[in-house]
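2 protein chains.
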Amino acid sequence: MNWLFAASVIVIIICCSFGTANGECADQDIGVVAEELVLNQHRLDSLNLLLFLFLLVLTILTIWLFKQHRFRFMHETGLAMIYGVIIGAVIWYTADTKEQTPKVHTDSMLCSDEVDPPDSIYLELQYPNESVFFVYDREEVIKNPDLNKTRTINNFGDRISFDPELFFNILLPPIIFHAGYSLKRRHFFRNLGSIMTFAFLGTCISCLTVGGIVYCFAVLVMGLEWFTAQDCFFFGALISATDPVTVLAVFHDLNVDVDMYILVFGESVLNDAVAIVLTNFCFPFRTVEDFGDEFSGLHFLRALGSFCGIFLGAFGIGSLMGCATALVTKFTHIRDFPLLETALFCIMSYMSYLLAEALQLTGIVAVLFCGVTQAHYTYNNLSDDSKKRTREVFELLNFLAESFIFSYMGLSMFNPANGTFNPGFIAAAFLGIILGRALNIYPLSFLLNIRRKTKIPWNFQHMLMFSGLRGAIAFGLAIRNTATDARQMTLTTTLIIVLVTVVVLGGLTTQMLTWLNIKVGVDYDEGATTSLHSAPGTITEQESRIRRRKEQAWVVKIWYDFDYKVLKPVLTRKGADLRETWPGWCLPITEYLTVEDDQLEEDSDTDFILEEQESSEAPVDGASGPNGTTKEGSTSGEENTADGDLGLGDHQLAVRGLNDPPPEAV
Amino acid sequence: MNWLFAASVIVIIICCSFGTANGECADQDIGVVAEELVLNQHRLDSLNLLLFLFLLVLTILTIWLFKQHRFRFMHETGLAMIYGVIIGAVIWYTADTKEQTPKVHTDSMLCSDEVDPPDSIYLELQYPNESVFFVYDREEVIKNPDLNKTRTINNFGDRISFDPELFFNILLPPIIFHAGYSLKRRHFFRNLGSIMTFAFLGTCISCLTVGGIVYCFAVLVMGLEWFTAQDCFFFGALISATDPVTVLAVFHDLNVDVDMYILVFGESVLNDAVAIVLTNFCFPFRTVEDFGDEFSGLHFLRALGSFCGIFLGAFGIGSLMGCATALVTKFTHIRDFPLLETALFCIMSYMSYLLAEALQLTGIVAVLFCGVTQAHYTYNNLSDDSKKRTREVFELLNFLAESFIFSYMGLSMFNPANGTFNPGFIAAAFLGIILGRALNIYPLSFLLNIRRKTKIPWNFQHMLMFSGLRGAIAFGLAIRNTATDARQMTLTTTLIIVLVTVVVLGGLTTQMLTWLNIKVGVDYDEGATTSLHSAPGTITEQESRIRRRKEQAWVVKIWYDFDYKVLKPVLTRKGADLRETWPGWCLPITEYLTVEDDQLEEDSDTDFILEEQESSEAPVDGASGPNGTTKEGSTSGEENTADGDLGLGDHQLAVRGLNDPPPEAV
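So the sequences go chain by chain: A and B. One point on numbering: in the UniProt record's numbering, the residue at position 609 of the first sequence is 609, and numbering is uninterrupted. One point on numbering: in the UniProt record's numbering, the residue at position 402 of the second sequence is 402, and numbering is uninterrupted.
Just so you know, the hints here were simulated from the structure itself, not pulled from any lab data. We put the CB at the ideal spot given by N, CA and C, even for glycine. There could be a bad hint or two in this list.
Stated by the list, open to error - Here are the computed lysine-lysine pairs in the BS3-like style, where the Cα-Cα straight-line distance is at most 30 angstroms:
1) B:K67 x B:K330
2) A:K330 x A:K557
3) B:K67 x A:K67
4) A:K519 x A:K455
5) A:K67 x B:K565
6) B:K67 x A:K330
7) B:K557 x B:K574
8) A:K453 x A:K330
9) A:K565 x A:K330
10) B:K453 x B:K565
11) A:K574 x B:K67
12) A:K557 x A:K574
To be verified - Away from chain B, derived, C-beta distances all over 10 angstroms, residues of chain A:
13) A89
14) F189
15) L304
16) C323
17) N517
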């Protein structure tokens, strides 16, 4: 690894020395000044990006070494962060600095609806022979900047800036979409009740606990008066978004029980969305009294209603966009041009996120369910080429986006602009998140176990407790607004919590699985049917299946019928034959909706082989363990050519390795 | 198509109505004000992106219809631009507007090395109970803004802004890399002399011609005094970057002669870089006299030297980065983790661009030759999965980036901020580019034909003349700096030239091929060997091959030997066996450098089949015609398993469909 570090030092030196030369306005013509500003900016941007890419290369090479030596104590995200911290420290403590006193332009305006802060202002610099106007665009708002203090500007470091818009609009959507697209849908929906309980109720509990504890410590014990109740609960909300990507990677490598996996995964995806919505809910309240007022009767119900509205709206947008893509890919022959098809697929999925955000709903939920819908319906209509390409592209984007975010978090750790390091507050925050997580997992598991047929055992509960890592979303929410001192302290604290949980908890995951005696190397098949049963040994599989068939909730049955008889055949070329299942008078419609799948019918054998190949390479359920045996698949005939599965029928499950348990187990 | 337009109108209305609600500062707490600003900004950014995505969806669906009906008069770039113009017009003429007088903060500074314009300034707004500071960051420089005029701000339209950094750092690199990665290297290098003549000499000719004509018209005839000689030659330089993507797509669809294709393609890729460098060269000179002074003797030589330095430096960076990637992929087993491998490949390729830009060389040349090197060496070391994935990812990125850029160009056509529409100037510019193109192609073709063994016939020259479409690079250079009125007029004119050439010339390409009697549907094989010969009929292929073997330049022979005996075996697992070709005393080194290719040796048959499959799907020479027959391939044994080809030997050419002519034909 020596050469890696040698190279890194060289790159940093280059970066720093280049960073020093910026911003000089030469004694020249104005056109040249303008041009030089543009070119300098471009060069610095290039250097910035170069630094990130260099960190990513370091991370990739190191992680490859780790993977090769089966060293599981470090995930790429943790590693990216550690490299970021090291290089960030070097930059912040070595690069040239310059002093600059901030320029203030005061304007005595009273705020009203008519007077906005202008979008841009001009600064006129009078050069010997002419005046030059520099345009300044509004970026952010600050409450109490120390205007008289001369700021020390790190020539290179200060340029490593990160627009939160980049995070929310560019880096986040592919990560979440990938989660939805590669979701083990059957297991997810089977555990949906528990997942939603943890995600919705649990996150609220965690938010209130963390907010409460932090409030007690910060305001009451430490006397930080500028840290308002609003700030406390804002912090509570953002820090409740868990991101156990490291834990999930270990689960995946070791083939941990699928229900364990899906509980951790499902909770983490949904609670991101809950946390984002909760942070927006904090704003109307400044003091504890405000909160008290709000949570009385009608107000509370109204908040709950808008909460549900936001979620359902986003869910609707995501699903509809998925269905729209399915319809387009079904009724056009765009599959003849896989490049266009893939591009359309990516763009429409991305649109679901942006549309939800533009409508002030939560894009994260929209794009998650868009991914689920795309996998369940659209995936079946895609050409083989696009099937592979969409999976691979999103896998790559997910990897790059995640590594980039964690690198950035590491780099910004030493950025003095990021605020206030307060050990007492950090300690309180850690106490808060541990307690909040405990009050989330254990009581809710107890409640869930009353109703659940397959209990959540103690060791699973401990593992869920342990999986409360923090990551990208918490950081994104924290850096979005650093106007006040309180927000800056929030950002610093969040960064430290992310670093500690990702590195320490992430590194201990394998050990933890051993300590908690959680079964690893679970066969997909077996794991799915028996591992959650308290006494699986005595009943045969056949019996257990019959038992579950009886236990089946009517909602699930209706949904299954609806999906198989209506949605699948309308949106894809598979599922029931509409001309048979729909009443006779619908014939004109059903004729129109039924598109003969020439390709599949011509050479279904080839297709079968292709699908089998695919599932052995990189199954769409990206995080799946080894493929199950296909004993059912081999008897249930041609329809088994695996298409998307919601776990809704023998028809869909065979080849993908999800053949057991039967569909009723959803 | 009706529903498409209906949908588009709805989306625009949504966008516009949302756009109106921005920027209001409510009568509330400062934390809330800050938060609302952030959220509003986010919502507007989302809407903006949504609009672009919507345009892309429209374009993709329409282009699919066109492709299905074999309607070749419209390429996706032209279509994207037309849709952009339509929707841009709707937005600019329907969306709400508000009035805003610019705020000016005057500072009497004399410019010196110590005083820079500050990076950011604060605006203090005094609200009833507290002061709020808005931070403004420096964005650009303007010479003579009309400060007293109240600006009419289009609430939505003004937000559709485009950071030139986004263009140069994000959108451009994948396009150029894709060009290099999918380059028909053998044909490219065989015609390298002609391509470089057109690209270097030709672009300079074009730049001077356009600059001169524009100067005569604008300054001397029309009396636009603010349009300096510098601006004229800047315009000449940027407008000399051709971008015949539409023409190339038609060439590809119709399998036009490969040499014709590579001449158009090669010139367009290299002249982009030349144009970028030339624009930077214009800056020290303001007046015609300055130019006169500069181009006298020593100065001229110095300029030429720095010109060459920039190109060679960038070429070196690109190639070295490619070789570095080849070494990493050869000596590590990162191929066992295709995701990491692909990520590393993408990142290191991107680094070549950024490194060159950061060193103030030209990134476009670096990333182009990085692509070539990656295809020639690294590609051989990649796992099969990564081979496919890298090709597919860059194909997709190229498509998306190109469509995005052209959509944006269309959208910004009606943006009043983009400057000054001056019909006289536009007419002069058109005259200039036609004359400049003619003075580039015809005289240089005449000169080249003196030395060329295979002449460039008249109809090819006309086609080269016709292929002078303008596109993304010209636009990117024009929008990079719009500080002065002259630059704004440059931008408007460039936009119009791009629109006209892309739509009109692009649409006429098929017709033009017929008129000029250029052979289409050329068999790869035949096209490569005979089409440029004036009398191919009488000599047999064997004879022609022998003849060419004799004609072979010694430079090419040395390069071929060096590539086969040193570079290939050092950088990849193919080529000559180092232990045999290198002297005995090198044994320790050669042993170390020789990595046994376990995978290839174990199942070379499988590999052979895979490669053949690949070449039938999407050959790495992305724009290739039908695959040639593999008659030579079948006799020259195992080495034929196609790897990258520089056209350097029977060994490499067989399966990829590049089997003839033999290697000496480079």
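May I ask which of the numbered hints given earlier this structure violates, with the numbers listed in increasing order?
Hints 1, 3, 5 and 8 contradicted; others consistent.
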